[in-house]
Amino acid sequence: MKNFFKACLLRGTPSMVLALGAGFVMASSADIRAALGMGAAVLISMLLTSIVVSAIHKFIPAYAKLPVYLLIITGFVSIIEMVMEAFFPIVVDMLGAHLAALAVSAVIYRDAEEIADHSGEWTSIKAALTTGIFLTVIMVICALIRETLGNATLWGREIAFLANYKVTALAGAFGAYLVLACVLAAIKKLTGAEEHLEGEEHE
Amino acid sequence: MNIKHLLKTIAILLCIVAVFGVAMFGLNFLTGPIIEANNKGAEFAPLLAVMPEAENFEDVTATLAGVPESVIAIYKETTGKGYVVRAKASTQYSKEPMEITFGVTADGKICGIQLDVYTDSIDFRAKDANYISSYVEKDSALADIGTVSGATYSSSAFKTAVSDGFSALISNQLIAEGVKSDAQILQEMIPTLAPGMLKLEEATASGNIEKALKAGNDAGFAYVIKNGEASFLALVNASGICKVYDVAGADVTDAQSALADEAKAHAAASQKSYAEDLNTKITRLFADASEITALELNTFNTVVAGVSFKSNGADYYGFYSRSYGYNQMDVYVILDANGAIANLDAKAFFFDEEYFHVDDTVNLTDYKNGFAGQTEAGDNAMIAGATMTSNAVKQATADTFATFNAIKGGAQ
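Heads up: the sequence lines are chains A and B, in that order. The opening residue of the first sequence carries number 1 in our numbering; numbering runs sequentially from there. The opening residue of the second sequence carries number 1 in our numbering; numbering runs sequentially from there.
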């Protein structure tokens, strides 16, 4: 079980290990609301995709898996985007094109292709949930650092005592890279990611 | 890949497309109206804030004639509930123009008003939290709407912007004009009849006095005063001289002498005298000044005290003007017998407060000496980068010459 969660953490943070999806992690980590919105979108699309893929993967020819999986992911992401635009328009404004770009995210495809395609429904659901939650937590941690220290705000509200000490660079692209790198370092230190990947390679 | 596999793949893809297509089609019925409402809400949010019952708006600004520059846009509520006006206004305290949005119902009354942008250094909302909301339910007459004490310029600009919005609606016959009360008409005459009474603040009224206003620069008092059913405007300057006007603007001081006496008595109880201050200044500027005699001022400008005196055998006239620049400007102007400036000084020029670099570039002694011999207000008073302060100095010299001429000519 411990290994399962560790694997999910590493898979859930692909941007930390393989730099996959780093773009949308950075784009959505400037504000906690955006991070939670993107996290929810990733979690739900990953979960629904995993359920559908694990249910129909036996009927899909090997050579057609890529377009079929991408079509499924795109469909779910479009539905999620429509719902979010209706009920969370502020978050959609914050995420901009990055929400739509989730449809072609390697993170979700990798989950669908590696887990759902080879495992049963329950394993897929469990993996999607765990991976999505970890990913959301990582984005929220990044957002917490960038929003409070970079913008002197929390949930869009000003933190008066930080207003004169904010490091505006943290709110921009440079800050996103910097915070991401720090969190990456922490994740690697905590999980021994390199050893894990090396172990995978030896297998 | 054989044909069978190819067809199977196409069928799967088509099935997926169909399933998602149907799902999104159905979902659109739920989310479509909400998304549309969200988009409209964002566009019209400031308009809906002042007219919440509105259903939709149409920008009609381009179709209207004679819209003042201060009016940014006028929106018509499409179901006939009224109009929303967006207007702007600036004062010397504005970093950028303040922006105001207010809704006017079809019967010409303000149904909601808000300040969208405000950068003035003095915040009238802090001085009077109810000022903006006091506009609600008012028609174009804006009855009983004054200015905020301590933020006169900003609140006055706010009121002017609202009036401009009403003017645009009225001139295009979109709403009917509100009827002004006599008291309101009389109060609106004050800036014309007593231009020196700046930053008027409400004072305690008594007797026949319906409304008492005290000039913030101590240049006098203005009263709306009643005689039976008729209302009059009584103006009392810093010297205690009173003039009474009717609603048509005619001088009726002689006919309403009882009202003038009542106004003078009310003013005398609160009027601050600057004569001693002026005398002290004159004795500092002219060590041998003698025969210092107070003058009766017949003007209603910023001059609050005047004296005549002798120095070195020559006649001089000293005047004390209280105009507003960056701050209150207390300016002393000494004229010779011919009405030419012999000396000019101020308690403080505020150049350093207005623009910090001006004090480094302006030689104050040269600036003051530059007025010597001048017989009318000129642009030598103006300093680039210190417009407000130097404008106040120019105003002080202009008012001094007007007062001197009134004394010499016996007319205002």
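What the hints contain is simulated information worked out from the structure, not anything from laboratory work. It cannot be assumed that every hint is accurate.
As the list claims (entries may be wrong) - With a cut-off of at most 27 Å between alpha-carbon atoms, the simulated DSSO-like pairs for lysine-lysine come out as follows:
#1 B:LYS127 with B:LYS109
#2 A:LYS65 with B:LYS243
#3 B:LYS40 with B:LYS109
#4 B:LYS264 with B:LYS243
#5 B:LYS226 with B:LYS310
#6 B:LYS226 with B:LYS199
#7 B:LYS138 with B:LYS159
#8 A:LYS166 with B:LYS127
#9 B:LYS4 with B:LYS76
#10 B:LYS264 with B:LYS310
#11 A:LYS58 with B:LYS368
#12 B:LYS8 with A:LYS58
#13 B:LYS81 with B:LYS127
#14 B:LYS4 with A:LYS65
#15 B:LYS272 with B:LYS127
As the list claims (entries may be wrong) - Some chain B residues judged to face chain A by a derived CB distance under 8 Å, without partners named:
#16 ILE3
#17 LEU7
#18 LYS226
#19 SER308
Note that beta-carbon positions come from the ideal geometry of N, C-alpha and C, so glycine has one too.
Right, here's what the structure says about each hint:
no., hint, result
1, B:LYS127 with B:LYS109, "holds (25 Å)"
2, A:LYS65 with B:LYS243, "violated (96 Å)"
3, B:LYS40 with B:LYS109, "holds (25 Å)"
4, B:LYS264 with B:LYS243, "holds (10 Å)"
5, B:LYS226 with B:LYS310, "violated (44 Å)"
6, B:LYS226 with B:LYS199, "holds (24 Å)"
7, B:LYS138 with B:LYS159, "holds (12 Å)"
8, A:LYS166 with B:LYS127, "violated (31 Å)"
9, B:LYS4 with B:LYS76, "violated (63 Å)"
10, B:LYS264 with B:LYS310, "violated (31 Å)"
11, A:LYS58 with B:LYS368, "violated (97 Å)"
12, B:LYS8 with A:LYS58, "holds (13 Å)"
13, B:LYS81 with B:LYS127, "violated (33 Å)"
14, B:LYS4 with A:LYS65, "holds (16 Å)"
15, B:LYS272 with B:LYS127, "holds (24 Å)"
16, ILE3, "violated (13 Å)"
17, LEU7, "violated (11 Å)"
18, LYS226, "violated (52 Å)"
19, SER308, "violated (57 Å)"
The structure shown violates the earlier hints numbered 2, 5, 8, 9, 10, 11, 13, 16, 17, 18, 19.
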